[in-house]
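> This is what each chain is made of:
There are 2 protein chains.
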Amino acid sequence: MINVSIIGSGNVAGHLVSAFAKSDAVQLVEVFSRRNSVDFTLPENASLVHDLDLLQDADLYIIAVTDGAVAQISEALPFKNRLVAHTSGTMPLEILHENNRKAVFYPLQTFSKTKAVNFLDIPICLEAQFPADFQLLERTARAISDKTYAINSAQRKALHVAAVFANNFTNHLYGIADEICREHQMPFEILKPLIAETAAKVMQLSPDEAQTGPAKRNDLKTIAAHEAFLSDYKKDIYHILTESIQNHGKKL
Amino acid sequence: MINVSIIGSGNVAGHLVSAFAKSDAVQLVEVFSRRNSVDFTLPENASLVHDLDLLQDADLYIIAVTDGAVAQISEALPFKNRLVAHTSGTMPLEILHENNRKAVFYPLQTFSKTKAVNFLDIPICLEAQFPADFQLLERTARAISDKTYAINSAQRKALHVAAVFANNFTNHLYGIADEICREHQMPFEILKPLIAETAAKVMQLSPDEAQTGPAKRNDLKTIAAHEAFLSDYKKDIYHILTESIQNHGKKL
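Protein chains in written order, with this note's numbering: chain A, 1 to 252; chain B, 1 to 252.
It is worth saying that the hints were derived from the structure and are not from the lab. Hints should not be assumed to be uniformly reliable.
Copies of the same chain are indistinguishable here, so a pair counts whether it falls within one copy or spans any two.
Here are the simulated lysine-lysine pairs, DSSO-like style, with alpha carbons at most 30 Å apart [unchecked claim]:
(1) 147 <-> 157
(2) 221 <-> 22
(3) 147 <-> 192
(4) 235 <-> 80
(5) 157 <-> 80
(6) 22 <-> 192
(7) 235 <-> 221
(8) 221 <-> 157
(9) 192 <-> 80
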């Protein structure tokens, strides 16, 4: 049994707590929160602490706080030479304080409070200073997910940028499509099967193989008609993405 | 029983043929193809014709050819005052020749030869000159799909642009994310659960509610780090989409 404590009370902390609560291989010891209550349910044997000095022994401390608070929290830990991991996609391993053995436990997923996720499908990106720590990290991750990857800090930085394209920017394109629908009295519902199929396609084909549309087939007449139809920032985005597909679509 | 003939032998024609083959409400009479063979299987009672002059009587002729060929094919039809629909997202109803009663039967989906689709989930956008024709069109569409919409030509034009954002451009962002992964020796697999969840989220939440990331939370430090990390066209796209989320993310 691996004893894990979680430091933080946000979205990622909450999802980790509920994932560990379902696992037989991990015992959740405590959750640290500055606040008196948390938005998620703690498993029976785990306690909530408000004072870092009261943290009990654990095999692994997972810091799940906002990126900017990781360094400070890791420095404030009142113990030495224990295994401490952060969950940030953007922070390097080195951001953690020298007092403890450093690691990263980064679940690559978009978490929101209002939507449950199946942790088994979530890739967990792992990094540690020492091989023995990496093994413990991997056993911990395998307790909640089928997908674990050894990803170093340079790779994780790249991965986070890739995730911004695949998640944040993609969602913004959905938002633009939604806006165009609303401007013409059509429900966003009408696009949902297309959105689902677009994502489903790249589960089987590479994005290059899956690419279709006016830019891919260099249909200049349709492109010109679309650009004439659009205005403002939607037109600019249409233009730059069309150009990118035309220039780089084959290379991708 | 509605008698339908399909004119064309491409992707859309093939998917329509296999959808109608499964329906009890529609009888597929014939498929017209310029070529001697087609890439898809014809149902037992349907025949393949190569000469427009040999086309038999049908309640509805669906022209499923490339956008540029719609006008010409509709003009070449050797009969008058029958119901003829095209399947194009970009062409107006009026592109069809005056000889026959005009309609549009536009399935809003991305079709590829290598991936089967479930037609029941595909929205079919319908338009007709006359109410009685619209009713027949709707009965035909309902025979293969649970989702039918009355969409006029102006709306369909907007919808096609929205679909370019939700499908073609989204897929290109997947391609950029794939490229970033490969540049840093990471498999595209690692992003697939995120891509699936990003699409799944907007089935329940609006894109505005689902939006996360550095641009949405105005995390200028991360944005600057990402822009310094990227180069070339990927940097330009990062910049314009970040700016768009910052300026218009709330409005969307």
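> Now, for every hint given, state plainly whether the structure supports it.
Here is what the structure says about each hint:
no.: 1; hint: 147 <-> 157; result: within (19 Å within a copy, 42 Å between copies)
no.: 2; hint: 221 <-> 22; result: neither (56 Å within a copy, 36 Å between copies)
no.: 3; hint: 147 <-> 192; result: both (28 Å within a copy, 11 Å between copies)
no.: 4; hint: 235 <-> 80; result: neither (55 Å within a copy, 41 Å between copies)
no.: 5; hint: 157 <-> 80; result: within (27 Å within a copy, 64 Å between copies)
no.: 6; hint: 22 <-> 192; result: between (32 Å within a copy, 24 Å between copies)
no.: 7; hint: 235 <-> 221; result: both (16 Å within a copy, 28 Å between copies)
no.: 8; hint: 221 <-> 157; result: between (40 Å within a copy, 13 Å between copies)
no.: 9; hint: 192 <-> 80; result: neither (51 Å within a copy, 38 Å between copies)
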